[in-house]
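If you read the protein sequences in the order shown, they are chains A and B. Per full-length UniProt numbering, residue 1 is the first one in the first sequence, and the count goes up by one each step. Per full-length UniProt numbering, residue 1 is the first one in the second sequence, and the count goes up by one each step.
Please note that a few of the clues may not be correct.
Quick list of in silico lysine-lysine cross-link-like pairs, DSS-like style, CA-CA up to 25 Å [as the list claims (entries may be wrong)]:
1) A:58 - B:123
2) A:58 - B:714
3) B:50 - A:58
4) A:4 - B:50
5) B:50 - A:34
6) B:50 - B:96
7) A:34 - B:123
8) B:50 - A:45
9) A:45 - B:123
10) A:141 - A:43
It should be emphasised that the hints constitute simulated quantities derived from the structure, not laboratory data.
Listed here are the chains, written in short residue letters.
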Amino acid sequence: MEGKGKINLPGNKKEVFEEMLNPELLEKCIMGCKEFHVIENNKYKAELSVGIAAVKGKYDADINVKNIAEGESYTLVIHGEGNPGLVDAVADITFEENGNDDTLVKYEYQADAGGKIASIGQRMLGGVAKLVINDFFKKAKNELKLKQEAV
Amino acid sequence: MGSKIGESKKRVEDARLMAGEGTYIDDLQPFGNIHHAAILRSPYSHAKIKNIHIDEALKIKGVIGIVSGKEVAELSRPFPVGVSEPVEYYSLAIDKVRFVGEGVAVVVAKNRYIAEDALDKIKVEYETLDTVVDVEKAMEHDAPILHENLKTNVVNHRFFDYGETDQAFEEADIVISKKFKFPKYSATPVENYGIIADFKASEEQYTVWSNFHGPFTLHSVMTAALKVSGHQLRLQIPKDIGGSYGIKSGSYPYIVLMSIVSRVVGVPVKWIEDRQENLLASSSGTDRVTWIDAAVKNDGTVTGLRMKMADNVGGYIRAPEPANLYRTHSNSTGAYNIKNLQMETIAVMTNKSPTGLIRGYGGPQLYFPLERMMEIIARKLNMDPADLIKKNLIPADSFPYRTASGGIYDSGNYQGALNKALELIDYEEFRKRQKEALKKGKYLGVGLACIVEPSGSNMGYVTIALTPEERAQGLPKSGSAEGATVSIDPKGSINVRISTVPTGQGHETVASQIVSDVLGADDNSIKVYAEMDTATSPWSVASGSYSSRFGPIGSSAVYEAAKKVRNKLLKIAEHQLNVPIKNLSIDDGKVFDKNEPDKSISMKRLIGTAHWNTEALPAGMEAGIHETAFYNIESAKAPNADDTVNGSATHGFVVDAVTVEVDETTGEVNILDYITVHDAGKLLNPKIADGQILGGLAHGFGGAMFEELVYDEKGQLLSGSFMDYLCPTSTEMPKITINHQETPSPLTPLGAKGLGEGNTMSAPAVISNAVNDALRPLDVVINKLPLAPNMIWKQISEKKQKMKEEV
C-alpha cells in the first residue's frame with residue numbers, strides 16, 4: 001500500500017520541523033495514542049488503540065526517525081504489532097518554505113500489513129491510513145495554531 | 001417396503017438433518033471436564049522464533065496451560081511423508097514459522113473466550129526472513145530456502161517417459177507449446193475442523209473425536225508422529241460431518257496437536273476451528289504451473305504430449321502430498337488416444353499454507369491445461385474443437401483401454417456421451433447464433449471439455465512419487481480395500497456398519513438400499529451406522545471419504561457383506577426346507593423354492609434359528625448373523641518398474657458443453673447454458689448422483705470464476721474472509737442440465753463408478769474454453785483463472801490498445 005499527500009502548516013520551516021518531532025505534540029495528535037515514550041534520541045515507543053473494524057485492537061509501535069536533514073526532511077520507520085496483526089510503514093517527510101509564514105509538508109509512505117489485518121482488513125487499509133494521517137495533520141495544525149496564538 | 005439398487009430412494013439422513021437433530025462434532029461432550037483451546041498463529045510468512053513469553057497469559061484467570069513447540073518436539077516426531085527428502089513437519093512450529101497462520105502456541109482455558117483473550121498476552125519475538133510464494137521463483141537457485149537441511153525448496157522431482165515421445169515430436173507436423181497457471185483455492189465446508197482430544201496417562205491412551213474423514217492411511221501417519229501403537233490412538237468420528245470436499249482430511253495435524261495438548265495440560269481439550277483459521281491455515285488445493293507441448297498432425301491427431309508440472313505444496317510438504325501430482329498420473333492423457341507421453345513432475349515448498357486433498361484432487365490442475373490445449377490446437381488448425389476432440393477420443397470398442405502411463409479405463413462410450421452433449425447444447429445452431437450475435441457486437445462462445453474421472457484410488461499410486469529403485473527398498477503398496485459389516489439381531493433388525501465416513505454424500509441411504517435389495521428386506525428393518533471408530537469399525541488403511549470411492553468400493557463392500565448374510569440365510573433354509581440352495585430365492589420376507597413357490601420359510605424363522613435355536617443350524621455353521629466383508633479391486637496393483645500404474649479402480653467420463661456471453665465493455669462472463677453428460681457406470685441412486693454432481697459443479701464453477709487464496713509477495717494472505725474469498729451461492733449458479741449414460745464397470749459387482757468430483761475437474765476448463773471461444777474475434781487468449789471481470793477486461797483493453805498502436 002502506498003500513498004502521498006501534502007498540507008500547509010502554520011509556522012516557518014524550522015518551527016514546523018521541530019514541532020513535528022516534538023513528543024508532546026505527537027502524543028496529542030496520533031489517533032488512539034495511549035502512551036508515548038522517548039526511548040532515546042529519535043526513537044519512540046507508543047501504545048495505540050485503534051477502533052476501526054477489522055483493524056480494531058491495541059498496538060505496540062516502534063517509531064524510528066532516520067535520515068534527518070535538519071529543517072528539511074526525515075524518514076519515519078514504523079513497526080506496529082498487536083492482536084490484529086502487524087503494520088510496517090516507511091514515510092518520507094519533507095518541509096518547504098511556503099511564504100506567508102506557512103510551511104508545506106509533503107509526505108510519501110509505503111506500508112505493509114501482516115496477519116489478520118492483511119487477510120481480512122486489506123480492502124479497507126488504504127482508507128484507514130488516510131483517515132489516521134488526515135486526523136493527525138488536522139490536530140497538528142490546530143496545535144500549531146494555538147501555539148502561534150499563545151505567542 | 002423394500003428398495004432396489006438404482007432407485008432414487010429418499011435420503012434417510014435428511015429427516016434428522018432437517019429437524020436439527022444431526023450429530024456434529026461441536027455438539028459432543030464425550031468426556032467430562034472438557035477445556036477449550038485457542039491457537040496463536042504467526043503473522044509472518046517466514047521467520048525464526050527467538051522467544052515466546054507466556055507468563056502474562058498464564059496469569060489470566062481460567063487459563064490452565066499453554067503449549068508451544070518445545071513440548072510438541074518432546075512428545076512427537078515429524079510426520080512421515082511420501083518423499084525421500086527429510087522434511088520436518090510438526091503439528092506446531094518448533095523454531096521457525098514457514099507460512100502466515102502457522103500455529104505457534106496453544107492456550108487451554110475454561111472456555112474459548114478466555115483462551116482467545118489469553119492469546120493477546122503471549123509475546124513472540126520473531127526474526128523475519130526473506131519470503132518466497134511463487135512456485136517458479138522458489139525453484140530458482142538464489143531463492144530463500146524454507147527448510148535449510150534440504151538446501152532446496154524442490155521436494156519431489158521425477159521424470160517419466162512412456163511410448164516413443166521423441167519420435168512423435170520429430171514426426172509431428174506442428175508442435176504447440178503453452179504455459180498455464182492454475183490458482184490455489186480451497187473448499188469451504190459449512191462446518192470447519194473440530195477436535196476433542198483426551199489423554200489417559202494410566203493407559204497411555206489417546207482418544208480423539210473429530211470430523212476427520214480419512215484416508216485412514218493417515219492414522220498410521222498420526223501414530224508415527226505421536227510415537228504410539230495403533231490402538232493407543234483411537235479415532236472416533238460422529239455420525240454427521242458438515243461437508244468437507246477433501247479439506248477435512250487436513251485436520252490430522254490438529255488431531256496430533258490436541259492429543260499432545262491434552263497430555264501436557266492433563267484435561268480433555270476441545271478445539272473448533274473458526275472460518276478465518278480455516279481459510280488461512282487449514283488446507284487447500286495446490287497452485288500449479290504447467291508447461292505443455294503437443295505433437296500434432298495436420299489432420300488434428302495429437303500424437304504426443306510433453307508436460308512439465310510444478311505444484312506449490314506450501315510451507316511443508318504434508319502427507320498425502322505430493323499425491324496431487326500423481327493422483328491423475330495414469331489418466332494424464334485424459335479421454336484421448338495418445339500413446340506417447342513424457343512428464344516432469346515437481347513439488348515445491350513456498351511460504352504459503354500447506355495443501356492436501358480437495359475434491360477433484362489433481363484433476364482440475366491436469367484438465368485445465370489439457371482441455372485448453374485441445375481448444376488451442378483446434379484454433380491453430382482452423383478446426384472446430386468438437387471435430388478435434390472426436391478425432392482424438394478413445395474409440396468406444398477399445399475398452400478396457402490401457403493408457404500410456406498404465407491406467408486401465410474399465411468401460412465407456414465417449415463418443416456417445418459427447419454426441420449427447422452436443423445435441424443438448426444445440427451445437428450447430430449455437431454456432432449460427434454466435435455468428436449473428438457478432439454482427440451485433442455481441443461476443444458469444446461455446447466450450448467443450450471431455451474428462452476421464454478416476455475414482456477409488458489405488459493405495460499404490462502415491463508411491464509413484466518415488467523412483468522404482470526407492471520403491472524397491474520398501475514394501476510395495478497396492479489395493480483399495482473397504483470393509484462393511486451386516487448383522488441381524490434376534491428380532492430381525494438389520495444393522496449395517498460402514499467405514500466410508502460420509503461427509504454428506506448419503507452413504508447411509510445407498511447402503512440401506514443395497515442391503516434391502518440383497519436381503520429382500522423392508523427399509524424400516526435396516527439401520528446404517530456411519531459413525532467411525534478405529535477400535536471397532538471394519539476399516540482398512542484405504543477407508544474414508546475421498547477419491548469418490550463409495551461408488552466403486554464402499555458400496556461393493558456393503559454388497560458383499562449383505563451377500564454373505566444372504567448366503568448364510570439360504571444355507572439355513574436349504575437345511576430346513578431340504579431344497580438345494582440354487583433353487584432358493586428371497587422375496588417379501590420369505591425364502592422359497594423357485595420351482596415350488598408354496599414351499600417357503602419366513603426370514604424371521606431363519607434369523608430366529610441362528611439366534612434362538614442353534615441346534616437346528618446346518619452342521620458346523622456358526623451361530624448368530626454377523627458378517628463382515630472386505631472388498632478390494634484387483635486392478636489396484638502396485639506401480640511397475642517401468643513407472644506405469646493404474647491409479648484408480650474405475651474411470652468414469654464427463655463431457656461438458658457450455659455457452660457464454662462475454663461483455664466486451666466490462667469483461668463480465670454470463671453463462672447461458674451448462675450441459676454436463678456423465679457416464680459413471682450403473683447409478684446406485686440417481687437423485688443422490690445428481691446432487692453430488694451439482695455440488696462438484698458448483699465447486700468447479702467457483703474455481704473457474706471466483707475462488708482464489710491470494711497472497712502478496714510477502715506471503716500475506718489477502719483473501720482471508722468471505723468478503724474477499726468469493727464462493728458461488730445459489731444465485732450465481734447458472735442453469736445446469738445433467739444427463740447420464742450408463743456403461744457399467746465390468747470390475748465392480750454393481751457396475752458402479754464414482755462421480756462426485758468430475759465437474760470440479762472439468763468446469764474451469766470448459767468455462768475457460770467457452771470464454772476464449774467468445775473472445776476469438778478480438779484475438780484475446782486467456783490461460784489463467786479465475787475468470788474475473790477485471791482480469792478479462794484488462795486483457796481485452798490491452799489487446800485493443802496494441803491494435804490501435806499497430807494501426
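Of all the hints given earlier, name the ones this structure violates by number, lowest first.
-> 4, 5
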